[in-house]
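K.L.:
Here is how the chains run, residue by residue.
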Amino acid sequence: MAYVAIADRDDPHAMHHPKSFVTRYIWSQDHKVIAIQYSLIAIAVGLVALVLSGMMRLQLGFPDTFSFIDPADYYQFITMHGMIMVIYLLTALLLGGFGNYLIPLMVGARDMVFPYMNMLSVWVYLLAVIVLMASFFVPGGPTGAGWTLYPPQAISEGTPGASWGIILMLLSLAIFIVAFTMGGLNYVTTVLQARCRGMTLMRMPLSVWGIFMATVLGLLAFPALFVSAVMMALDSLIGTSFFMPAIVSLGETSSHEGGSPILFQHLFWFFGHPEVYIVALPAFGIVSDLLSTHARKNIFGYRMMVWAIIAIGGLSFVVWAHHMYVSGMNPYFGFFFATTTLIIAVPTAIKVYNWILTLWRGDIHLTVPMLFSIGFIFTFIHGGLTGLFLGNVVVDVPLSDTYFVVGHFHMVMGVSPILVIFGAIYHWYPKITGKMYNDFLGKAHFWLTLLGTYSIYLPMHYLGILGVPRRYFAMGTTDFIPESAQAMNAGITISAIIVAVVQVIFIVNMIWSYFKGKDAGGNPWRATTLEWQTPQTPPEHGNWGEKLPVVYRWAYDYSVPGAKEDFIPQNEPPEPGVVAGREHGVEHT
Amino acid sequence: MANELPGHGGDATVNDGLGGVVSDWSADRQTFPVPWGKAMMWIFLLSDTFIFGSFLTSYMTVRMTTTVPWPNASEVFALTIAGNHVPLLLIAIMTFVLITSSGTMALAVNYGYRRDKKKTAMLMLATAALGATFVGMQAFEWTKLIVEEGVRPWGNPMGAAQFGSTFFMITGFHGLHVSAGVVYLLVVARRVMNGFYDRKGTYETVEVTGLYWHFVDLVWVFIFAFFYLW
Numbered sequence: 001m002a003y004v005a006i007a008d009r010d011d012p013h014a015m016h017h018p019k020s021f022v023t024r025y026i027w028s029q030d031h032k033v034i035a036i037q038y039s040l041i042a043i044a045v046g047l048v049a050l051v052l053s054g055m056m057r058l059q060l061g062f063p064d065t066f067s068f069i070d071p072a073d074y075y076q077f078i079t080m081h082g083m084i085m086v087i088y089l090l091t092a093l094l095l096g097g098f099g100n101y102l103i104p105l106m107v108g109a110r111d112m113v114f115p116y117m118n119m120l121s122v123w124v125y126l127l128a129v130i131v132l133m134a135s136f137f138v139p140g141g142p143t144g145a146g147w148t149l150y151p152p153q154a155i156s157e158g159t160p161g162a163s164w165g166i167i168l169m170l171l172s173l174a175i176f177i178v179a180f181t182m183g184g185l186n187y188v189t190t191v192l193q194a195r196c197r198g199m200t201l202m203r204m205p206l207s208v209w210g211i212f213m214a215t216v217l218g219l220l221a222f223p224a225l226f227v228s229a230v231m232m233a234l235d236s237l238i239g240t241s242f243f244m245p246a247i248v249s250l251g252e253t254s255s256h257e258g259g260s261p262i263l264f265q266h267l268f269w270f271f272g273h274p275e276v277y278i279v280a281l282p283a284f285g286i287v288s289d290l291l292s293t294h295a296r297k298n299i300f301g302y303r304m305m306v307w308a309i310i311a312i313g314g315l316s317f318v319v320w321a322h323h324m325y326v327s328g329m330n331p332y333f334g335f336f337f338a339t340t341t342l343i344i345a346v347p348t349a350i351k352v353y354n355w356i357l358t359l360w361r362g363d364i365h366l367t368v369p370m371l372f373s374i375g376f377i378f379t380f381i382h383g384g385l386t387g388l389f390l391g392n393v394v395v396d397v398p399l400s401d402t403y404f405v406v407g408h409f410h411m412v413m414g415v416s417p418i419l420v421i422f423g424a425i426y427h428w429y430p431k432i433t434g435k436m437y438n439d440f441l442g443k444a445h446f447w448l449t450l451l452g453t454y455s456i457y458l459p460m461h462y463l464g465i466l467g468v469p470r471r472y473f474a475m476g477t478t479d480f481i482p483e484s485a486q487a488m489n490a491g492i493t494i495s496a497i498i499v500a501v502v503q504v505i506f507i508v509n510m511i512w513s514y515f516k517g518k519d520a521g522g523n524p525w526r527a528t529t530l531e532w533q534t535p536q537t538p539p540e541h542g543n544w545g546e547k548l549p550v551v552y553r554w555a556y557d558y559s560v561p562g563a564k565e566d567f568i569p570q571n572e573p574p575e576p577g578v579v580a581g582r583e584h585g586v587e588h589t
Numbered sequence: 001m002a003n004e005l006p007g008h009g010g011d012a013t014v015n016d017g018l019g020g021v022v023s024d025w026s027a028d029r030q031t032f033p034v035p036w037g038k039a040m041m042w043i044f045l046l047s048d049t050f051i052f053g054s055f056l057t058s059y060m061t062v063r064m065t066t067t068v069p070w071p072n073a074s075e076v077f078a079l080t081i082a083g084n085h086v087p088l089l090l091i092a093i094m095t096f097v098l099i100t101s102s103g104t105m106a107l108a109v110n111y112g113y114r115r116d117k118k119k120t121a122m123l124m125l126a127t128a129a130l131g132a133t134f135v136g137m138q139a140f141e142w143t144k145l146i147v148e149e150g151v152r153p154w155g156n157p158m159g160a161a162q163f164g165s166t167f168f169m170i171t172g173f174h175g176l177h178v179s180a181g182v183v184y185l186l187v188v189a190r191r192v193m194n195g196f197y198d199r200k201g202t203y204e205t206v207e208v209t210g211l212y213w214h215f216v217d218l219v220w221v222f223i224f225a226f227f228y229l230w
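In order, the protein sequence lines correspond to chains R and E.
Numbering follows the working numbering, with no gaps: position 1 of the first sequence is 1.
Numbering follows the working numbering, with no gaps: position 214 of the second sequence is 214.
A hint or two may mislead.
To be verified - Some but not every residue of chain R turned toward chain E, in silico, with C-beta under 7 Å:
(1) Arg195
(2) Ser254
(3) Gly258
Unchecked claim - The calculated lysine-lysine pairs, modelled on DSSO-like cross-linking and capped at a C-alpha distance of 27 Å, are:
(4) E/Lys144 / E/Lys200
(5) E/Lys118 / R/Lys19
(6) R/Lys547 / E/Lys200
(7) E/Lys38 / E/Lys119
It should be emphasised that the hints constitute simulated quantities derived from the structure, not laboratory data.
Even glycine gets a Cβ: it sits at the ideal position worked out from N, Cα and C.
Here chain R stands alone, though its shape is the one from the complex (with noise of 0.2 Å):
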């Protein structure tokens, strides 16, 4: 008996199509319901870090000013909004939102394989956000360790929230990666198990490459924050050592000793490291989309695009200790892991070469995706050079922890995935909607971000080469740091509000243009991946009606020569006497 793929048991009656209202909004089973979902908890939570960094920066442009500020508050801003932006923001928006929506989609699969658990996901994921929420209510309020959560003293007394507050973080992100894996097993297993009929691998569009990839390096780095939070819990709860050395502190001795606080980092950053390019993997595909739709031309060097995807996967989880060279670890690692870091950047070059050599002579259209893609460049390019910077040893030392480092992450890992995200979401908005929103308000919010987050950012590269430190609550008067230091402080707080305010622009064009937007139609960009070619928009619980798509060519049919249209969907069928494309470079006729 021959074995036919699952992907190709042509039975739309198998599914379980919704009958109310609570199982088609709520209890959903449906990959693109679940994707709203997972956006909306995480921009609602999102919002909240947000706000956090609005209390910072008016406490650090104006000290003094606002009595409702006291430096455990601050601390503790600190930790929620880097916690909230890099895990429960940027992780859950990429993977669980737009990994949820497109990869399906993309794949020409009809769901998920098991949406069951795709569905447990997002409600798991929607605990680990109240229970961090809580900790804002509980006795001594949030941890204020710092988002790294450095023991020994993220649970020694005096650190805000070190008796509650770490417990409900630590927890927290138990209950995250428990739903992060449930969605990440499904994703993984949809790209590699449910294709469509002639989707081979080679054939996927870079975002789903780019999120595939991100969600097998969140498989295998998650368990070791897994870990790390479950030795901190014990620490902290039930007394042992594993991070906690023996402290003397205000005369006491501590009841712990003989831990090790180093093998905490470890554990850390060999989660937080793969963590940077699970945020920044899935904004590198979905750019290389939107460049190359938009630009009507197709991407340069697909495969190598590929393989650098897979290569900064892999190099990844050899890079971590470069963000412990001051930690007191072996000087030698620094070595090696200056080396790494270093390596890295080559593939990571390739991509942004490979990004402007797709814009170059391409027939760019300026929507506001492709202004955003442009913007999510020019940050980047920014960012990853003063990565080089922060890779080397002996430039890291004297930078460390200044806001040097605070501009370098912010420019990298904060800017530039979330112009990304804006771009994929003007991007997608009539597929999701079925709605076209406000051309003008949209390039108002795009150029209000990009040109608000420079003048955040920008400036702080020249703070921290001036060594202001980072994570203080206030500068007082040090002898090194020129008063003017403070006036650029306040330009800079004063961008950071106008920035947050202007992302109403954003939330009202979207709100408003659901109601009362055009229609767009099914294919409003002239899009070649699978979809945009689904008959209804936005696309029914199964997808694809009664029959799966047949793919005949790549992602990046645009502008072949002697086509009918500047644009052949991946499932057209190659005709005789046309040209069919030129897949991978290659003309074929």
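Once you've looked at the hints, dock chain E against the given chain R.
P.N.:
Then chain E, alone, in the frame of chain R:
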């Protein structure tokens, strides 16, 4: 058309060796010719490997960095039977029980593919019983360490405090895996008995359960080596 649509297709030709790897990864629809559940279990086990790997690496790190001497495993884990001091006796039996359970599990998978409902279910129940025995013996071992030897997660009379904390954490985490596996086996065995997989037309879930069980078994071999033999 044929060259437009590479893949496993209906003919399901399976190449061996490197050529097979290439044809798997360049196929359309699916990369590996296995059901979704099995593929997902393999990926999950890979992720779980990193959890145990992180636990064991942390254990080795604290064992090397602590300045207090590590307790002597062959004395701590010895049983006194009729006045004789027998090192590692309990652990030897526990390991034997768990390895045996992998054997019964493998037989269950075999009978599952032969659609022998009764033998499959009986062998799965035997596997679950052996697993439960293992957990029971682990409970006995913990009790002995806590009550008789005075080992606590935060300290012990024999040496480094990290001995107790790593031991209880890692064997406890593994014991949770075994316990979850026992429940998993019972659920699947019940479905085997009531004909669920006959109606579904495939016994692949038995094999997926087996993958998990063998993994838990394999992890034990490493825990055994690192805790009791080092």
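K.L.:
List in ascending order the numbers of the hints, as given earlier, that are violated by the structure.
P.N.:
Numbers 2, 4 and 5, in rising order.
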